[in-house]
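Peer 1: Chains as they are written, first to last, in my numbering: chain H, 1 to 260; chain G, 1 to 234; chain C, 1 to 269.
Note that these hints are calculated values from the structure, not bench results.
No residue lacks a Cβ here, since even glycine has one placed at the ideal position from N, Cα and C.
Certain hints may be false.
[What the hints assert, rightly or not] Looking from chain C toward chain H, a few residues come up when the C-beta cut is under 8 Å (computed):
(1) 26
(2) 56
(3) 72
(4) 176
(5) 178
(6) 179
(7) 180
(8) 199
(9) 226
(10) 249
(11) 255
(12) 256
(13) 258
(14) 259
(15) 261
[Claimed, not checked] Residues of chain H clear of chain G, computed beta-carbon distances all greater than 12 Å:
(16) 105
(17) 160
(18) 163
(19) 174
(20) 239
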Amino acid sequence: MRPPHPYAQPFILGEVRAALRMPGAGMDAIFDSLRNAGLLIVSGDPTLLEIVALSLAVSLSAVVLATLLGLPLGAAIGVLRFPGRRALIVILNALMGLPPVVVGLVVYLVLSRAGPLGELGLLFTPPAMVIAQTVLILPIIAALSRQAVEDAWREYEEQLTSLGARGVQAARTVLWDIRFSLLTAVLAGLGRASAEVGAVMIVGGNIDGVTRVMTTAIALETSKGDLPLALGLGIVLIAIVLALNAAAFLVKEAAQRRYG
Amino acid sequence: MILPLRLEEVSFTAGGRAIIAPTSLEIHAGTSTIILGANGAGKSVLMRLMHGLLAPSAGRVVWQGREPHRRQAMVFQRPVMLRRSALANVAYALEVAGVPRAEREGQAMAALKEVGLVSCADRPARILSGGEQQRLALARAWALHPEVLFLDEPTASLDPGATREIESVIRAFDAAGTKIIMSTHNLGQARRLGDEVLFIHQGRIAERSPVERFFSKPASPEAEAFLKGELPWA
Amino acid sequence: MGMTSRVLIGLLLCTTSVLAQDKFITVASTTSTEQSGLFKHLLPIFEKKTGIDVRVIAQGTGQALDTGRRGDADVVFVHAKAQEEKFIAEGHGVKRIEVMYNDFVLVGPKSDPAKARGKDIAAALKKIKDAKAPFASRADRSGTHSAELRLWKAAGIDIAKEKGLWYRETGSGMGPTLNTASGMNAYALTDRGTWLSFKNRGSLEVIVEGDKRLFNQYGVILVNPAKHPHVKKEMGQAFIDWLVSPEGQKAIADYKINGEQLFYPNAGG
């Protein structure tokens with residue numbers, strides 16, 4: 001099921017590379033980079049497709065995991081009252097700003113053979129990247145959903161309590177009711193995950209054909225001085241994230257119309 | 001039977017202010033009780049203390065029977081609906097009450113029929129008009145067949161037409177034997193729907209009497225001032 | 001939930017399918033080797049022959065050896081003899097085997113403000129320091145950085161003491177350092193391989209080359225399975241054996257950019 005080895009076929013990206021122009025100054029640079037991005041997409045280069053597919057697989061997996069863990073966590077903190085709650089909220093909000101490279105470093109040390117989970121042999125594989133990105137965006141999803149749930153709880157609390165819905169049942173009801181607002185929290189997490197390079201670079205190693213994603217590929221091409229290609233890849237990445245956001249926005253709008 | 005409800009020296013303090021002074025009273029089945037008072041007098045807080053949404057700072061709220069909170073329902077000034085259809089909102093209340101899934105839709109439909117909202121059953125609850133949503137809140141309460149129905153100024157945000165519709169549903173509850181405890185600003189409504197008046201002034205029950213006597217011959221000076229329109233705000 | 005579960009399973013399969021590949025080794029090597037494009041040329045030949053997938057992590061020499069020390073790689077392939085011998089002495093590596101060499105070149109702005117052009121690297125460095133011309137150093141414990149420090153010493157300069165604002169320590173790989181040098185019209189020491197494939201030259205060109213002291217030897221070491229039992233020693237050894245075999249050595253010599261050979265095989269010699 002694995003795609004053909006990228007080394008085994010003529011490196012078409014190289015031909016595209018030859019066709020790319022060095023961006024000039026000002027408006028020229030923008031048009032040239034857009035043209036580069038267009039050439040990249042149209043060429044249908046299998047290496048590029050593999051990189052894009054892996055980027056999406058890693059970031060979307062991380063978003064799914066972080067949502068499964070983070071939404072209930074955020075809802076619980078939003079609804080329950082317990083000692084230390086306010087301190088926990090402050091910490092959770094602060095963790096939203098976790099530097100990706102620090103997360104990458106910590107996960108690296110944990111997954112390294114010299115570390116506690118070395119036996120799993122996960123380092124330098126996509127699952128390691130998923131783990132690192134999940135850790136990175138979990139606080140974002142938890143903190144933002146906590147805020148949304150807490151705001152909604154203010155509206156729903158009395159009525160739900162009056163009906164006899166408490167604790168987990170009440171939290172689940174509120175979460176489901178505000179699900180389209182929660183989409184914003186999930187999108188924030190997706191944005192962070194697809195944009196970061198620090199964590200996936202360290203735990204993935206940017207191995208050609210195995211752990212190379214869009215952001216690490218851009219970093220690599222930049223360090224090789226191939227700026228037109230790097231810019232072109234960057235535009236492709238932005239275009240994909242834009243498309244995902246647009247789709248989510250339309251879904252939200254449609255839901256608003258349906259459910260009020 | 002969860003009535004009579006007894007309040008034993010119940011008081012409520014918040015933010016350093018005494019909102020409800022130590023109050024003892026008994027509420028019996030049969031009569032509709034209207035809670036009247038100026039704004040800020042403590043009507044809403046008193047109702048929430050009775051219903052269990054607030055815990056008293058001192059004193060006890062004592063119901064009879066087993067699981068009294070399951071035999072009550074409350075309708076608020078602004079109805080709170082889930083982002084679901086009207087029918088689903090009523091069904092949700094039944095779900096929380098533990099009614100088996102197979103019976104929920106049927107019972108919910110019966111409740112909608114009672115308030116005249118069958119045609120709105122599948123429409124999203126949140127896009128119904130204010131009056132329709134409040135009727136839906138009553139349908140939701142109806143489906144639970146409560147012994148006691150609390151209403152906190154249920155028609156304060158509605159126009160006269162919608163108000164009339166709500167009042168007729170409240171009368172239906174009363175005819176079915178549900179104890180009504182309702183706060184209102186609308187003196188005409190109090191006369192129309194109530195049997196007794198609990199008049200509250202600055203957190204104390206200043207007067208308690210049958211509705212006609214309250215309006216024709218108020219016993220306390222505060223009640224008199226209130227009826228004369230001199231005490232809209234406490 | 002049918003559609004959602006299918007998407008989830010698909011995502012998980014995509015990311016974990018890589019785990020299922022058992023026939024691979026992890027090689028920690030340097031950014032200069034990777035960026036020169038040598039591996040893209042060599043590894044398909046090796047994989048075709050043996051079916052072993054070679055996964056290269058490109059880091060600086062210091063970092064690559066640390067990766068070996070932690071047991072996160074099966075083989076290390078770097079170019080800093082002193083650091084490599086220390087690695088073996090610590091017991092992390094089995095044996096250091098020489099594979100190939102290339103050379104460093106000093107690049108700098110076409111205008112050559114320090115008048116460093118020529119065939120003598122030590123003299124060039126001295127002129128650069130005297131002129132206080134901007135110099136971009138990798139400063140990252142890489143093989144190139146070690147070589148640079150060696151050359152300052154050969155020029156009789158204690159760079160740690162004598163550096164000034166003109167000496168810019170980027171702490172990064174060869175590519176980024178060259179980007180910086182290009183951006184500030186600075187001199188820099190780079191391996192020829194990276195230089196030949198580097199595209200953002202700006203006004204930089206080769207200023208000094210051919211000095212014997214610019215010789216850069218590469219060595220390959222199997223991470224010690226006695227210390228790190230999970231190391232894939234048979235496959236790792238197969239890779240090393242191939243690199244020094246006539247076939248591997250020829251493949252190294254065959255790698256050219258624009259007709260120029262980058263690396264000179266010298267195993268066993």
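Peer 1: If a hint holds in the structure, say so; if it doesn't, say that too.
Peer 2: Checked hints:
no.: 1; hint: 26; result: 6 Å, holds
no.: 2; hint: 56; result: 6 Å, holds
no.: 3; hint: 72; result: 5 Å, holds
no.: 4; hint: 176; result: 5 Å, holds
no.: 5; hint: 178; result: 6 Å, holds
no.: 6; hint: 179; result: 6 Å, holds
no.: 7; hint: 180; result: 11 Å, violated
no.: 8; hint: 199; result: 4 Å, holds
no.: 9; hint: 226; result: 14 Å, violated
no.: 10; hint: 249; result: 20 Å, violated
no.: 11; hint: 255; result: 13 Å, violated
no.: 12; hint: 256; result: 15 Å, violated
no.: 13; hint: 258; result: 13 Å, violated
no.: 14; hint: 259; result: 16 Å, violated
no.: 15; hint: 261; result: 19 Å, violated
no.: 16; hint: 105; result: 43 Å, holds
no.: 17; hint: 160; result: 8 Å, violated
no.: 18; hint: 163; result: 5 Å, violated
no.: 19; hint: 174; result: 9 Å, violated
no.: 20; hint: 239; result: 33 Å, holds
Consistency note: the structure conflicts with the earlier hints numbered 7, 9, 10, 11, 12, 13, 14, 15, 17, 18, 19.
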